[in-house]
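Q: Chains A and B, in that order, are what the protein sequence lines are.
Heads up, the first sequence is in our numbering, so the first residue is 45 and it goes up one at a time.
Heads up, the second sequence is in our numbering, so the first residue is 45 and it goes up one at a time.
FYI, nobody ran anything at the bench for these hints, they're computed from the structure.
Since the structure is predicted, the reported quantities are computational estimates derived from the model, not experimental observations.
For every residue, glycine included, the Cβ atom is placed at its ideal position computed from N, Cα and C.
Please note that the accuracy of each hint is not assured.
[Said to hold, decoys possible] Straight-line Cα separation of at most 20 angstroms, DMTMM-like style, residue types lysine to aspartate or glutamate; simulated pairs: (1) A:84 x B:254; (2) A:49 x B:254; (3) B:129 x A:254; (4) B:84 x A:254; (5) B:199 x B:254.
[Claimed, not checked] Now the stretches of chain B that chain A is said to cover, found in silico as 3 or more residues with beta-carbon under 8 angstroms: (6) 51–61; (7) 69–81; (8) 124–133; (9) 137–143; (10) 180–187; (11) 241–253.
There are 2 protein chains.
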Amino acid sequence: MHKDKISAPVIKRLPRYYRFLGELLENGCKKISSRELSDKMGLTASQIRQDLNCFGEFGQQGYGYPVESLHHEIGSILGLSHRYKAILIGAGNLGKAVAVHISFASRGFQLVGIFDNDPDKIGGTIHDIPIKDTSELEQFCQEHLVNVAILCVPKEAAPDIAEQLYRIGIRSFWNFSHYDLSVHYQDIIVENVHLNDSLMVLCYKISNNETASDGN
Amino acid sequence: MHKDKISAPVIKRLPRYYRFLGELLENGCKKISSRELSDKMGLTASQIRQDLNCFGEFGQQGYGYPVESLHHEIGSILGLSHRYKAILIGAGNLGKAVAVHISFASRGFQLVGIFDNDPDKIGGTIHDIPIKDTSELEQFCQEHLVNVAILCVPKEAAPDIAEQLYRIGIRSFWNFSHYDLSVHYQDIIVENVHLNDSLMVLCYKISNNETASDGN
């Protein structure tokens with residue numbers, strides 16, 4: 045249905061479209077014009093038409109976009125019907141927050157294990173998932189056919205654990221550590237959440253008074 | 045020193061440059077070529093030269109970049125010497141993780157208060173900062189000249205608390221809630237951390253096998 049190659053900026057916007065369309069669906073909305081969508085999302089209508097053109101023949105002049113099928117199509121482009129098996133490494137505050145707050149199932153993932161090397165944490169549970177010793181990683185990953193590792197470890201701990209996971213065969217990472225995995229491993233898939241970087245960008249925006257109306 | 049307008053993609057890369065240069069400094073490195081920097085950062089050397097050209101006359105042909113002054117200049121462009129006063133709203137796992145793990149002082153901020161509306165949390169402390177009742181927000185913000193609010197509240201709670209903060213006069217937000225502030229307030233400065241969106245992008249990358257070597 046959709047074209048083969050979607051550019052990185054469009055991919056980054058897809059989850060937002062998906063969220064907005066999901067809200068519209070919940071509110072019983074059946075169709076929406078690019079104008080209305082642009083008001084809701086703070087993008088220009090022409091930007092939205094361009095984005096949505098990337099993946100199919102949606103929308104008719106004067107009619108608008110069919111909310112349900114567009115929502116479904118974007119979900120399928122994102123691959124959300126998958127159940128990639130994920131493990132989380134690091135059961136500190138951040139790991140706990142991720143394990144508790146993220147709706148993995150509706151985002152294409154299943155959280156199957158949590159690991160730490162702190163004896164005080166091992167044996168505990170988060171959200172009914174037992175916290176295991178990182179020494180059990182290899183066996184666990186093989187038994188459960190794990191696809192993805194979520195790194196919620198401090199930067200200092202990241203190189204060793206990343207190397208261990210890479211050797212076990214893990215090639216996909218949701219990386220919260222400030223360790224740049226992609227510089228060390230070229231054949232991995234990685235999505236970074238660098239909170240300190242985000243805070244520095246906020247500092248820049250405040251210092252330069254870059255408001256939402258500037259498209260930020 | 046630097047030109048007036050730096051494009052959004054360059055701004056997003058600045059924190060990474062800053063981190064890398066900081067590591068080089070710690071390791072006693074005095075100068076670095078764009079080639080070495082590109083190997084370390086996984087960007088092309090020409091991309092790096094282009095980026096660094098945006099903000100001044102750094103680097104000499106055949107000599108490379110002076111690490112310390114470049115680090116200092118990027119820090120000053122980011123505005124990291126500020127001490128913007130921030131409060132954090134929502135003392136759950138995520139709020140706790142943010143309060144504990146983020147080095148505010150070296151990122152231009154000072155965390156001066158934490159707020160929640162849960163009676164079980166109010167009166168407790170995180171990192172020696174007392175958790176106060178959100179009913180005290182207005183008085184606190186006036187007394188402490190607060191600049192920034194960090195929203196670690198659930199999406200459902202976000203509209204009300206955002207409106208309250210906006211009325212008090214807060215115009216800068218580090219937004220972890222999945223509520224799109226910028227759609228509702230045009231004159232605010234906002235930096236979003238949408239974890240669920242990030243996870244969906246990871247799902248897309250895995251489903252389409254987009255590895256780090258593709259520039260992701």
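Q: Does each hint fit the structure? Answer for all of them.
A: So, going through the hints one by one against the coordinates:
no., hint, in the structure
1, A:84 x B:254, "violated (30 angstroms)"
2, A:49 x B:254, "holds (11 angstroms)"
3, B:129 x A:254, "holds (18 angstroms)"
4, B:84 x A:254, "violated (30 angstroms)"
5, B:199 x B:254, "violated (30 angstroms)"
6, 51–61, "holds (count 6)"
7, 69–81, "violated (count 0)"
8, 124–133, "holds (count 3)"
9, 137–143, "holds (count 5)"
10, 180–187, "violated (count 0)"
11, 241–253, "holds (count 13)"
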